[in-house]
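J.: The hints should help you fit chain B onto chain A, whose structure is shown.
Taken in order, these protein sequences are the chains called A and B. The first sequence begins at 1 in the working numbering and counts up one residue at a time. The second sequence begins at 408 in the working numbering and counts up one residue at a time.
No lab work stands behind these hints: they were computed from the structure. Check before you lean on any hint, since a few could be wrong.
[Stated by the list, open to error] Where chain B lies over chain A, by a calculated footprint (3+ residues, C-beta under 8 Å):
1. 139-145
2. 150-159
3. 165-174
No residue lacks a Cβ here, since even glycine has one placed at the ideal position from N, Cα and C.
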Amino acid sequence: MSCQLASDSILYANGIYRLVYEIVGVVLPCWVAYAIAGLVFAFILVNAVLLGAAVITWGERRVLGRFQNRVGPNRWGPFGLFQPVADLVKLLTKEDLRPEGSDRVVFSLVPVLMVAPLILMTAVVPFAKNTALASLNVGVLFILAVSSITSVAIFMAGWSSNNRYAMFGAARAVAVLISYEIPVVLSLLGVVMVAASMSLGTIVAAQALPFFLVQPLAFFVFMAGMSAELNRSPFDVAEAESEIIAGYHTEYSGVRFALIQAAEFGGVGVVAAIAATLFLGGWSGPWSEYLGWLWFLIKTGIIVFLFIWFRATYPRLRIDQIMAFSWKFLLPLAMVNLVVVTLEVFLLRGDEGVLTHTDLAIMAAINLAVTAISIAVFGNLIKDRVTFRTRQPQQVVVPGVSTIEVS
Amino acid sequence: MPVVQDLAFWVLSVVAIAAALGVVLVKDLFRSALLLAVVFISVAGFFVLLSAEFLAVVQVLIYVGAISVLFIFGIMLTRNVREGNVPNRLQIPAVMCASLLLVGMIAAAINTDWRPIPEAAAQMVDAAQTQSVAGPPAGASSSGYAEQDTGLAELLIADFVLPFEAVSLLLLAALIGGLALARSRGS
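Chain A on its own, in the form it takes in the complex (with noise of 0.2 Å):
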C-alpha cells in the first residue's frame, strides 16, 4: 500500500511531511500515515520553540553577563550549557501553589495559552527551503493573529490570581501590547507591499536584497515594538520588579511558572525566527539550499543578540514614556515608511509588477536616507517628551515662618 498526497493540498509544499508521509505510508493505512506525520512535525515545532526557549535562557543569561562585566552562569556542563535542565528540574520539583479565592480553571488554562499561540506561530515559518507546515497564503496575517491571543491569556493570568499586582501587571501589558500592535502592523505592511504576498516562503523568496536594507525604517519599528510585546527590557514595566513584584505571573509556581517562563523566552525566539525571515531573507543563503537551515539558524540567532542587546543597554521606561514612544514615535515612523514604500513600489514596479533587483536597490538607497531624516526629525520631536523632569523644590514663603521647601 502506498500514498500520494494530492498536489493540492496545502501540506503538499512541505517536502519532510510528504517524506515521512510516504514513507509511512507503504506500511500503514493512508490516514495513520497523514496523522503520523503531522504528529512528526508537530514534535519537531514544539521542541523548537521549548528547547530554543531554553538555549535562550542560557544565551540571555551568558550574555547579559558579559554585558554587565560579570561571568554568568558556568558551571554546569561546557560553558554552564545545561543550566537550564538545572532549572528546570528545580521548576518541576517545587510546589504548585494556587492563590486562595483564585479562579481555578483560568488559573491553570493560563500557561497553555501562553505557550501555544507561539507554536501555532512557528507553523508557518519556512525553516529551510519547503519545510513551513502550511505556507498559508496569509502568513504574516495569520502570525498576528495568533499572537493577539496572548493578551485574552495575559489577562486570565491577571484575572484569576486574586492579586491586585497580577491586575496591574495584566492590565499594563494588554495596554502596551495594544499601543505596539499598530506600529508593528504598519512595518508589515510596508514587507507585504514590495513582496506582493502574505506568505512567508513568497516574502523569502522575493527578499533578491534582504528586506532591512530595503526597508530600514520598517525593520526598527519592529524590531522596537516587538521588544515591547515580549516584555523586555526597556519595556518591561509589566513585570517591573521594583514596583509590582512580577506582573501577571506573581502568583505561578512550579510547572507553571516553568511554561510562563518558556513562553516568554521562547517568544523571543519565534519572534527572532519570524524577524529573519521577514526582513534577513529567512533560509536563503550562499552556497548550498541544502545549508538552508544553518542560515536560518545563524540569522535567528543574530536577532536574539540585538534584543538581548537592547535588553541590556537601556534602563526601563516609565509606562507614559512607553506610550508616547508607540504613539508619537514609532507611529508616525510607520506612517512614514508605509507612504514613501507605497510610492516607490507604485512608481518603480514594472509592467509586470515585479521588483526587479535594481528597483530594491534604488528602493534600499532612497529609504536610507528617508530612515536617517524621519527618525533624527521625529527623535527630536519627542525628546522633551521623554527625558526625565523633575520637579523644583519650590520655596514657598509664609510671613513669620521661617522657609519651608515643599517638592
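T.: Chain B alone, transformed into the frame defined by chain A:
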C-alpha cells in the same frame, strides 16, 4: 478528506454552541467573556472549513485580539463581577429584542437559497476570499498587473469604496468622541 471535514465541522459546532450557551448561563462575567472568545475562535474554524482563510485569520485578529480584550477591559473596571449580572428593569425589553433577532435570523436562514453556486461564481468567491490582499500571488503574473484579479483589495477599493470610506469616517468620529470623553474637564 470529507470525513475529516465532517468531523471537524461537528466538533466545531458542538464547541461553538456549548460555549455560546456558556456565555449566557455562566454567572461569572469574566468567564462568559472568555467563552465568547471561544465562540469567536470556533467561527474562525468554520471559515477555514469554507476555505476562507483570510476571513478566518481576520476573525481571530479582530474578534479575539481586539473585541474580547475590550470586553475584558470593561469587565475589569466593573465592580462585583463574580456575583454576576444583577437583574434590572431592562429584562423584558432584552428578551423581546433577543427573540425578534432570533426570529429574524431563522427567517433569513430559511429563506436563503443554499444551493451550491455555479463554477464561475465559485471561482470569483474563492479569489475574493483567499487571495492575498496585497496583490496577485507570485508565479501567477503571466498577464499585466492591472488585469489580475486582486480579490478583496479590488472589491474594497473599487466596487465598495463608498461604504469602506463611510466606515473609516465612522471610526474617526468614534475616535474623536472617545478622546473628548476621556479628556479631563477643564484642561
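J.: If a hint holds in the structure, say so; if it does not, say that too.
T.: Evaluation of the provided hints:
{"no.": "1", "hint": "139-145", "result": "holds (count 4)"}
{"no.": "2", "hint": "150-159", "result": "holds (count 5)"}
{"no.": "3", "hint": "165-174", "result": "holds (count 3)"}
Consistency note: the structure conflicts with none of the earlier hints.
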